[in-house]
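Participant: Take -7 as the starting number for the sequence shown in the numbering used here and just add one per residue.
Treat each hint with caution, since some may be false.
Unchecked claim - Here are the computed distance ranges between Cβ atoms for each label pair:
1. Tyr2 <-> Pro154: 21 to 27 Å
2. Thr(-7) <-> Ala27: 15 to 21 Å
3. Pro58 <-> Asp115: 27 to 33 Å
4. Asp11 <-> Ser131: 27 to 33 Å
5. Asn12 <-> Ile164: 33 to 39 Å
6. Ala28 <-> Asn163: 36 to 42 Å
7. Ala139 <-> Ser44: 18 to 24 Å
Said to hold, decoys possible - With a Cα cut of at most 16 Å, we get these calculated EDC-like pairs of lysine to aspartate or glutamate:
8. Lys35 <-> Glu93
9. Lys35 <-> Asp11
10. Lys50 <-> Asp11
FYI, nobody ran anything at the bench for these hints, they're computed from the structure.
Predicted model only: the values in this text are computed from it and were never measured.
Think of the CB as a built atom: it goes at the ideal place given N, C-alpha and C, for glycine as much as any other residue.
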Amino acid sequence: TTLRAAQSPYTFQGDVVVDNNATLSIEPGVTVKMAAAASFTVKRGALQAVGSPDKPIKITSAAATPAAGDWRQWRFAAGTNNALTQLGYVTIEYGSGLAIEGAAPVINNTAINNHSGPAITIDLASSPLGTGNTADGNSLNAISVPAGTIRNHVVWGVVGIPYLVQQGLVNIGQAPLALEPARL
């Protein structure tokens, strides 16, 4: 499905989900208004939302007077087709931020502003990439990382927004348990 600039703006209501290996493409210059408590999830598929400096894509509140937390999160779940998922020249505002769960979307030149939570929340299996990103006016202008142990190869490659371990420690890997000699 393609959201075309000629039909913009679009309003998302309820829980909008990309599934069954579908791809949602958003053309440069499109505005997506998120209704109260609406959310967007890439469950199994891809999102291609690449604007341009002169025609950015805008994800915003549908409220007449927008405020942080008007809508829920945009999520990238473990079934995200990372090779096809990309955000570029996008402004995302007045929701509850982005959530990345076991995914590796590419996020370039994206402004994440005025959210009621962290700009981005990731789990320890996510590898988001991208440059030229900013976060402003959020309850936390950072990429929120949980405490725990990273057990697989991950890359934290989003440039422009700092990573912050909220509480506790992040351990990298865990040595396998070995008993010597083999017979005790």
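Participant: If a hint holds in the structure, say so; if it doesn't, say that too.
Facilitator: Tested hints:
1. Tyr2 <-> Pro154: 21 to 27 Å: violated (32 Å)
2. Thr(-7) <-> Ala27: 15 to 21 Å: holds (18 Å)
3. Pro58 <-> Asp115: 27 to 33 Å: For Asp115 against Pro58, whose Cβ atoms are near 28 Å apart, the range 27 to 33 Å holds.
4. Asp11 <-> Ser131: 27 to 33 Å: holds (30 Å)
5. Asn12 <-> Ile164: 33 to 39 Å: For Asn12 and Ile164 the Cβ distance comes to about 35 Å; the hint holds.
6. Ala28 <-> Asn163: 36 to 42 Å: holds (40 Å)
7. Ala139 <-> Ser44: 18 to 24 Å: Once the Cβ atoms are compared, 39 Å apart, the range 18 to 24 Å for Ser44 and Ala139 is violated.
8. Lys35 <-> Glu93: holds (10 Å)
9. Lys35 <-> Asp11: Satisfied, since the Cα-Cα distance of roughly 5 Å is no more than 16 Å.
10. Lys50 <-> Asp11: The given pair, whose Cα atoms are some 22 Å apart, is violated under the 16 Å limit.
Checked against the numbered hints given earlier, this structure breaks hints 1, 7 and 10; the rest are met.
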